[in-house]
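Peer 1: All chains should be built: construct the whole structure from the sequences, respecting the hints.
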Amino acid sequence: MERAILSGNEAIARGAYEAGVKVASAYPGTPSTEILENVVQYPTIDASWAPNEKVALEVGIGASFGGGRALVAMKHVGVNVAADPLFTLSYTGVRGGLVLAVADDPELHSSQNEQDSRNYAKFAKIPMFEPADSQEALTYTRLALETSEQFDTPIMLRTTTRISHSKSVVTLQDPVTGLPEPGLEKDPAKFVMLPSNARKRHPLVEDRITRLEEWACQQPFNRVEKVGGKIGVITAGVSYQYAREALPDADILKLGMVYPLPKQLIRDFAAQYDTLYVIEELDPFIEEQVRAMGIEVVGKDLFSICGELTPGRVAKSLSGKDEQPFFSHSETLPNRPPSMCPGCPHRSVFHSLNRLKAFVTGDIGCYTLGFMEPLAAMDTCICMGASIGNATGLSKLLSGDEQRKVVAVIGDSTFLHTGINGLMDMVYNSAVSTVVILDNRITAMTGRQENPSSGYTLMGADSYRVDLEQLCRAVGVQHVKVVDPYEVAATRQVLKEEMERPEVSVVIARRPCMLVKRDPVARKPAMKVDLDRCTGCRACLKLGCPAIEWRTTADGKGVAHINSLFCVGCGLCNQVCNVDAIGDINE
Amino acid sequence: MSNEVTNILISGVGGQGILLASEVLSEVLMLAGFDVKKNEIHGMSQRGGSVVSHIRYGKKVYSSIIPEGQADMLLGFELLETYRYLPLVRKGGSVLANNLQVFPAPVTLGKESYPVDIPAKIKAAFPDTKLVDGLQLASDAGNQRTVNVVLLGALSKNIDIDDSFWQQTLQKMVPAKYLEENLKAFSLGRNL
Ligand code: SF4
Ligand code: SF4
Chain A
1 MERAILSGNE
11 AIARGAYEAG
21 VKVASAYPGT
31 PSTEILENVV
41 QYPTIDASWA
51 PNEKVALEVG
61 IGASFGGGRA
71 LVAMKHVGVN
81 VAADPLFTLS
91 YTGVRGGLVL
101 AVADDPELHS
111 SQNEQDSRNY
121 AKFAKIPMFE
131 PADSQEALTY
141 TRLALETSEQ
151 FDTPIMLRTT
161 TRISHSKSVV
171 TLQDPVTGLP
181 EPGLEKDPAK
191 FVMLPSNARK
201 RHPLVEDRIT
211 RLEEWACQQP
221 FNRVEKVGGK
231 IGVITAGVSY
241 QYAREALPDA
251 DILKLGMVYP
261 LPKQLIRDFA
271 AQYDTLYVIE
281 ELDPFIEEQV
291 RAMGIEVVGK
301 DLFSICGELT
311 PGRVAKSLSG
321 KDEQPFFSHS
331 ETLPNRPPSM
341 CPGCPHRSVF
351 HSLNRLKAFV
361 TGDIGCYTLG
371 FMEPLAAMDT
381 CICMGASIGN
391 ATGLSKLLSG
401 DEQRKVVAVI
411 GDSTFLHTGI
421 NGLMDMVYNS
431 AVSTVVILDN
441 RITAMTGRQE
451 NPSSGYTLMG
461 ADSYRVDLEQ
471 LCRAVGVQHV
481 KVVDPYEVAA
491 TRQVLKEEME
501 RPEVSVVIAR
511 RPCMLVKRDP
521 VARKPAMKVD
531 LDRCTGCRAC
541 LKLGCPAIEW
551 RTTADGKGVA
561 HINSLFCVGC
571 GLCNQVCNVD
581 AIGDINE
Chain B
1001 MSNEVTNILI
1011 SGVGGQGILL
1021 ASEVLSEVLM
1031 LAGFDVKKNE
1041 IHGMSQRGGS
1051 VVSHIRYGKK
1061 VYSSIIPEGQ
1071 ADMLLGFELL
1081 ETYRYLPLVR
1091 KGGSVLANNL
1101 QVFPAPVTLG
1111 KESYPVDIPA
1121 KIKAAFPDTK
1131 LVDGLQLASD
1141 AGNQRTVNVV
1151 LLGALSKNID
1161 IDDSFWQQTL
1171 QKMVPAKYLE
1181 ENLKAFSLGR
1191 NL
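Line by line, the protein sequences are chains A and B. Quick note on numbering: the working numbering labels position 552 of the first sequence as 552, and the sequence is numbered without any gaps. Quick note on numbering: the working numbering labels position 57 of the second sequence as 1057, and the sequence is numbered without any gaps.
Hints in this document: simulated from the structure, not taken from any laboratory. Hints are supplied without guarantee of correctness; some may be wrong.
Taking lysine-lysine and the DSS-like style, the derived pairs with C-alpha atoms no more than 25 Å apart in a straight line are [stated by the list, open to error]:
#1 B/K1111 with A/K542
#2 B/K1111 with A/K357
#3 B/K1060 with A/K230
#4 A/K481 with A/K496
#5 A/K226 with B/K1059
#6 B/K1111 with A/K557
#7 B/K1060 with A/K316
#8 B/K1111 with A/K528
#9 A/K321 with A/K230
#10 A/K316 with B/K1091
#11 B/K1091 with A/K321
#12 A/K517 with B/K1177
#13 A/K226 with B/K1060
#14 B/K1172 with A/K517
Peer 2: What follows is the structure, given as structure tokens:
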């Protein structure tokens, strides 16, 4: 059998393929993005990006109702968007197996909060599997699709960043054969959730959870590992690996299904130990349920609710000793925060908004980095699509002068995700604000995924490109202007005019992301600083372009220097330099 | 405890090719018959931020994260990023550092300063530290962008694995038109 090193995300994609999944849909979000990106290599699956997670789930539900197996993927905060269909899907159940892969991000490596998706499983009464490495990510994906059909329920598959992005060795298998062919089948009593039908389905949901709980007590994915230890540990997911490493002498009940919990199995296990630990990341999800069974455990009083666990943190919590590393720094090191790329089209917009002293309601994407020094041009950031609604709310409280300072910024992908709804409301309820759509033709932050405004599908096929101007006009925006953010003065002028206007206006700053491969921004020769002209005023540094460095001179003043390895010749610095000291290297 | 597991850290700046280097290394280790786990954080860090990759191998590996202070080797692609991750290295561990400075934004803006004498500081704690002129060797191999493979070559001397596994993996993972310069880069690093 073939072995490979796969990440958790790659393994989920492989598992979906092996399980005969027909349709896969997702909205990209770190750390879940690579699931769909890897599904693409299996031509038997129709894979697509949806404009948001709710739509992705609805696509998966449709496929399942048609009798095909479906995979839907998103990050934890995406489930908030998809929650509406999710809870009702729990009632209808499925036809073809449906798995919702959800990637949580403890420690907030790339997210706006640390929510624990296991609560959704319990809240929506949907069983949840949680793999502890790539092999399990693959196996559980297959298992989840089978279990979904067996118990007529959607299944959630939860990973965390350290599973999604860790690579480990897996064994590959051939795809299953003999699955039923999809086709239409009418069953309104099951699929039409109006009150009279839904009322009848609710007891079925409750019964299903009870049956699953009993079933799970007998299944090998919930396993006891005995080494004859004196203490017992209940754990799941990546925490299992940390527990195994920190407590080699403990007996472990390793849960593969974290909801519903196998109560009898837990009771039998717990009865054998004086000390029982529950080791889990984020919420005391298992702990609270075990306690509710009347079993005493040690859990969150020892292990933090905030942030992720590591083998070191687990060991430290258990021993109470903070072992000093062999080497520690005696000085504080400079941080190395991420920044927008050299030549990023968003840079000049933020530079202008900073100059114009705008109050900027922000959103989720590469442009969120515009909040950092020196651009410092973002004042709020809540969730996908929130910038426009936030601006509306703000403008309702403010006087005319202050009102006009409020500017919402949103990327093209985010605008189509959930921003458009906010814009509709902004017009409908006569708010006064400027909305800047940072249209770089791609979903850049998660690694450049296509979206309805990029003109291409996930599979790379040409597709219709949403006309953002027309779309804004269609919801009633009277003033829609398009600017090229590489033209600094013109862009600033338009922003200034539109901010002054006591009406809703939309400025579309259009220029492809520097990293788009198929629509490449022509790299020009690097810019160069004319040392005789540079006065050391630091105006160019305010752009925050990683290619512009500062060199202290003998007189202590300093001059700008452009690192030719990074500079893409976009020409922004040349436009913000007041003394014309920056120019084309060839001049 | 985890005495049969070997822990390697690779650190550097987003965009330096750390991802590919750690992919190649894990693949080689798998071919050589080890259980391997590898971990790095993507997302924000890709845009010029600080990046670190953990690789662990042995008969059986549990966590993909190296416990604090237990790294056996640190391969640094940039001096500050080598220095930053030193507390993860165990006493007597080995350090291999690319002799290159890339200033982070706060340094460029004059808000924070780049530490001085990093090589000396590293050597004081880890006397066997080796500095590699990655950029120079990569240019010698014919392409400045093969620095990551030069460094892998240098690292390969510390790992007892047959050269053929490396050759095989590079052939599999490097695009054909860059293969020759990458093989050259690897051997320049390995023969340092
Ligand atoms: S990936 Fe694209 S949008 Fe994001 S910072 Fe870089 S250039 Fe800008
Ligand atoms: S031209 Fe100026 S702003 Fe543009 S990438 Fe080069 S240094 Fe940065």
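Peer 1: The structure should be examined with respect to each hint, and the outcome stated for every one.
Peer 2: Evaluation of the provided hints:
no., hint, result
1, B/K1111 with A/K542, "13 Å, holds"
2, B/K1111 with A/K357, "23 Å, holds"
3, B/K1060 with A/K230, "23 Å, holds"
4, A/K481 with A/K496, "12 Å, holds"
5, A/K226 with B/K1059, "20 Å, holds"
6, B/K1111 with A/K557, "15 Å, holds"
7, B/K1060 with A/K316, "23 Å, holds"
8, B/K1111 with A/K528, "24 Å, holds"
9, A/K321 with A/K230, "21 Å, holds"
10, A/K316 with B/K1091, "19 Å, holds"
11, B/K1091 with A/K321, "19 Å, holds"
12, A/K517 with B/K1177, "19 Å, holds"
13, A/K226 with B/K1060, "17 Å, holds"
14, B/K1172 with A/K517, "23 Å, holds"
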